[in-house]
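> Got chain A sorted already, so can you dock chains B and C onto it with the hints?
Chains as they are written, first to last, in my numbering: chain A, 76 to 180; chain B, 4 to 673; chain C, 341 to 855.
Watch out, some of these pointers could steer you wrong.
[What the hints assert, rightly or not] Only some residues are given here: those of chain C computed to face chain B with a beta carbon under 8 angstroms:
(1) L410
(2) G413
(3) F643
(4) V647
[To be verified] Partner residues aside, some chain C positions facing chain B, computed with beta carbon under 10 angstroms:
(5) Y532
(6) N534
(7) V536
(8) D586
(9) G641
(10) A645
(11) G716
(12) P739
(13) G740
(14) V786
(15) A828
(16) F832
(17) E837
These aren't lab readings, by the way, just hints derived from the structure by calculation.
Glycine included, C-beta positions come from ideal geometry on N, C-alpha and C.
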Amino acid sequence: MNIELNALMFLIPSLFMFCCGIYGFITRRNMIAILISLELMLNSVDINFAVFNRFLFPGQLDGMFFSLFAIALAAAETAIAIAIIINAVRLSRDADVKDLSKMKF
Amino acid sequence: MESLIPVLILALPLAMFLILGLFGNYMSHKWAGIIGTTSMGVVMALCYFVAYQYFFSGAPEFVDADGNRLQFIVFNQDWLALYEKLVIRIGFLLDPISAMMLVVISTISFMVHLYSNGYMRDHHGVWEKGFQRFYAFLSLFSFSMLGLVVATNIFQMYIFWELVGASSYLLIGFYYTKPSAVSASKKAFIVTRFADLGFLIGILILSFYTGTFNFTDMTSAPVAGMDNVYQVGMAAGSIFQNPATMSFLGGSLLTTALILIFIGGMGKSAMMPLHIWLPDAMEGPTPVSALIHAATMVVAGVYLVARLFPLFMFNEANGGFALEFVTIVGAITAFYAAMVACTQLDIKRVLAFSTISQIAFMMVSLGVSREGYHENLGYMAGMFHLFTHAMFKALLFLGAGALIHAVGSNDYTAMHGLRKYMPITHITFLVGCLAIAGIIPFSGFFSKDEILTACFGNNIVAYVWMSLVAGLTAFYMFRLYYLIFWWKEHKVHEGHHAPHDQPWTMTLPLIILAVVATFAGFIPFGKLVTWNGEPYTIHINWTVASISLTIAVLAIALATIMYKKENPLPAKMKNAFPNLWRWCRNRFYWDELYMFITHKIIFNGICSPIAWFDRHIIDGTMDAFATVTNKASYAIRGLQSGKLQNYVLVYLIGALILGGGTVAIMFLFF
Amino acid sequence: MLSEIFSNVLIYFVIIPLVMMGGLALCRENDYKKIRAVAVVGSIALIALSVYVLLEYLKLRHAGVEDPMLFTGSWSWFGPLNICLSVGVDGVSIAMLILSSIIVFAGSFASWKIEQPKSFFLWLILLSTGVFGFFISIDLFTMFMFYEVALIPMYLLIGVWGSGNKNYSAMKLTLMLMGGSAFLMLGLIGIYYNSVLPDGEHTWNIVKIAHECNIDKGWQYFLFPITFVGFGVLGAMFPFHTWSPDGHASAPTAVSMLHAGVLMKLGGYGCFRVAMYLMPEAAQDLSWIFLVLTGISVVYGAFSACVQTDLKYINAYSSVSHCGLVLFALCMLNTTAMTGAVMQMLSHGLMTALFFALIGMIYGRTHTRDIRQMGGLMHIMPYLAVCYVIAGMASLGLPGLSGFVAEMTIFIGSFKAGMDEFLAGHGALKLTFTIVACCSIVITAVYILRVVGKLLLGPVQDKHHLELTDATWWERLSTITLIVSVAAIGLFPNFFENLIKFTFSGDLFAAIGIK
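Just chain A, with the same shape it has in the complex (with noise of 0.2 angstroms):
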């Protein structure tokens, strides 16, 4: 099988990824499957990152870079968002996002 590989094949997977992410974000109850929903955007955004590099600037490697560096980030910032799901389930014995809205005005 040979195959001829183009953008589009890695973009719509990664915007079906994307949309998925969206739709999680917005309907889940519970704060890890938000979570879980944030990162299926955040590496839809990478494939992207990587995605692009290859298919635009083959010779150039400034897009894995920002991947690899999105990944980092992306780790550090789910281990402050478990934190903090962690001490909200502390609160309200439950992980529920409802329970936050005390951040309003």
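Here is chains B and C on its own, set in the frame of chain A:
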């Protein structure tokens, strides 16, 4: 002349003010009085010396080869340089009128200093509270008044003018716990301040056009075609050189300036309609009334006109009407004040109205003074009357003070028949009355006669009018005299001491002033004080003199009939003209009118609405900005629901709209 | 570079307050002795420094130095935007520096017994750092920075140590002044981008802009009004003055003194130094707008003061009137009037500080500022009452005290400006408003004497007041300092006039016809 003595004349009273004001509380009452009086005595001696030098030494700086008296500036220190030649200086100008005023002020001031040693104590010899403060203020006043008369420029005069106003304020309000004294002092200050506004604007106009404040530059630089010593000499090309171009807001410029300046003088000299503060000023201690509100400060307006007289003459020669204005104001005031004086109860108020009337005499005298008639006789007469009036009016006031001190009331109804109890006061008061009534040979006769002669020469209406006022003067003064010393026997209430003459510190000034008031008329004033420094001999115009003497004697006779013994005649008179009497008694309701203007119109009609406007409209607008911002943020804060997913949804929709919109625009237009 | 900065004498006007703050930081919160010592020593050092600068300045001028600014120095701060720390003074700034140091000195004594002294003095001295920095700066950016430094502490000083409706007042004052500085910032940035030196660089330096750049006239018409309004808000110009009565009424004594005495002068100084000095053509053409507004301020403030019953409100409205006169005289564009404006700044700064000090002292004793509830204080506290009368006399323009000299210089200058305009056939606007402004001397007398009569004279209103005591030594020291300064200006005005006049007779003003 060395400048040491003139400097001392000003510095000594100022130093006394500072010493007594700052350290007065650390010295005893007695010593404060002694120090204050002694230093004033020294100042008086110095003033006499300077005046003597000026009038009689014949030194070339004072008298020119023809015997004309000159203006001489002893020193002139820059104080504030404004622009070009406009420099405010503090200096010492000697000329006939300033030398004469030095004598008047220092004499009266010394007498008052001496007299107050007795007056400012009660019958047991206990000193009045704030005695040291009283002497400090007296010194401040003497300093300011001396500085005023020796001013070399109009701005120096204005500076000291304000200072005398302030010291008058402090002295009228000396009994500061008495509400009436407080409001009287406030009234005096504000009324004169209002007049000073005119003075200030007048100075602004005059100084802008002449480019100088100096009297000597304004008046005495010789100009071709005018051969007098005191001529209006402006810089070449100055607007005053060309009367045709002198217009300011429709009127002649110089006339406007002079009238505005004269309004300042009207305020200080209590001319109608700015006279209302003077009767109230009698709330001050009586020696203060004698010094400030009879002899010295209130004649500052007359002095001002006399000082600027060459300008008034120049104005007259160019068709201006400033002098006519002075005459008319003076004439109306003289008559009004004399009418009111006939009905007052309070002896100090009678004297106050009499002062207003007499100052108006001086104003009229200056106003009718023209070159054509006896070389400006009116000017000399006005100054002469200023001199004699200062002496006899101070005498009358000090006498009134002695009476008030003895009786404990200002009202003549509490006095009646005091002649046996207080013989010295009686005789000296009588001398004062005779002088002011113009009976030969007392001093008032000579000066008033000269004024009437000047009026006679200028304007027959003014002459008749002023003669009438002179008659009224004699009448109300003798009414006062009889009601105090005769009318009926004095009743001594049980438990009270009979009134008696006062200690020597109070009687001595009375005697000295009585002597001066008797003989001052024989001073050859024409040789000393004339408008252009040229001496001449006074001739008494016997026609005028005999008419005025007759009027005075008739008026005195009428007063004798009505008031010597208790009788129903005054009450009958009162009932015959009830309205006239009521208006006179209430001073033609001027105070009520002013009360209405200040309280109803200015306070309630201007100040309160402005304050309301500020708090509610202007500040309201500013607050409204804050309120609107606040309200708006409350209104939109519901969007901040705190639900994370709502935010994301809104964000998503927003991003889609923007993104979609951008794409759509790009497709449509590119 | 650092040694170069430290060798400039002016920089010490900022360093001394900073050192004072360092010293205060080392003290414990309620260690009154040390805190007072720091404040007093520091403010004496500031007075000494300003007198030293004055003498050096006069020496240089006497030697014939004609530069517009002396003791100049400029050190780059942020190269890409040409922001420098530039310092330099002329007679006007020196007058303001002397005024500020005297008031800081008097203010330290007036807050002798303040609560939480450490924090209070820290903020107060931060405020004075801003004030001194403002007056020595000749770089627009640095100037603006110091201006903001002076504004912010005001909020905390009023909000924490104030009285009455203090939160409202502090908020109002800060917001209105911040609103002013928003205008100002726009104006300053506009000036920066319109001032191009011959070598193509932009500059913030005032002297360079004035002498080497020509701001485009069209831009001037836009920038002049907003800069003037920006500073005018601080100078209590009608109709942007309403922060003043509320702010002063709530502020603690020393803050009122500094605010009315010095901070309001920043407004007048800035109007002249930035708006008029840099944009003379627009000043020539547009100053009539502000002439009308300030002319209204003068009588409006005075009339409002006539019916107030709170002592601080009376004085705040009187400040509106007097500060209005400052801007009014500046708008006359006449050497004499403008000199008078600076004299009036000095005079008003000192006498209003004296007023606020006295009001604070009286309030501290009677616990009321309502003149209807007090009376006969002359009998109870003669020292304070006499000082109040002196302050009142200075305010209503008694010769021998500072108010008279300043007002007369302004009136004579304004009248000349008005007549010049009138005779040149340009209408009588200046003349009319000069006469209107002259009327304020009468109204001033009315409200001053009203207060003196009600508050100090007459019978004692409240029997409890009879037990009150007179001034303490630190209060006496504070008031005497101010009275002596007021009298010094009133008695020897020529010295100050000569100090100030040089600035207003430079060639820059000759170019637009200021005589």
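> Now look at each hint and say whether the structure bears it out.
Hint-by-hint comparison with the structure:
At its closest, the beta carbon of C/L410 sits 22 angstroms from a beta carbon of chain B; the interface hint therefore is violated under the 8 angstroms criterion. Residue-level restraint check for C/G413 is violated (minimum Cβ-Cβ distance to chain B is 33 angstroms; threshold 8 angstroms). Residue-level restraint check for C/F643 holds (minimum Cβ-Cβ distance to chain B is 5 angstroms; threshold 8 angstroms). The beta carbon of C/V647 is positioned within 8 angstroms of a beta carbon in chain B (closest approach about 4 angstroms), and the interface hint is therefore held.
A least Cβ separation of about 28 angstroms between C/Y532 and chain B goes past the 10 angstroms threshold, and the interface hint is therefore violated. Against a cut-off of 10 angstroms between C-beta atoms, the interface hint on C/N534 is violated, since the closest Cβ of chain B lies about 30 angstroms away. Checking C/V536 against chain B by beta carbon gives a least distance of about 36 angstroms; that is not within 10 angstroms, so the hint is violated. Look at C/D586: its Cβ gets to within about 8 angstroms of chain B, closer than 10 angstroms, so that hint holds up.
At a threshold of 10 angstroms, the smallest CB-CB gap from C/G641 to chain B is about 9 angstroms, leaving the interface hint in force. Because the smallest distance between the Cβ of C/A645 and any Cβ of chain B comes to about 8 angstroms, under 10 angstroms, the interface hint for this residue holds. The interface hint given for C/G716 is met, as the beta carbon of that residue sits about 6 angstroms from the closest beta carbon of chain B, less than 10 angstroms. The criterion of a C-beta within 10 angstroms of any C-beta in chain B is met by C/P739, whose closest approach is roughly 4 angstroms, and the hint holds.
Contact between C/G740 and chain B, as hinted, is supported at the beta carbon level, the nearest pair being about 7 angstroms apart and thus within 10 angstroms. Taken as an interface hint, C/V786 checks out: its beta carbon lies about 6 angstroms from the nearest beta carbon of chain B, inside 10 angstroms. At its closest, the beta carbon of C/A828 sits 14 angstroms from a beta carbon of chain B; the interface hint therefore is violated under the 10 angstroms criterion. A hinted interface residue such as C/F832 counts as satisfied when its beta carbon comes closer than 10 angstroms to some beta carbon of chain B; here the least separation is about 8 angstroms, so the hint holds.
A least Cβ separation of about 6 angstroms between C/E837 and chain B falls short of the 10 angstroms threshold, and the interface hint therefore holds.
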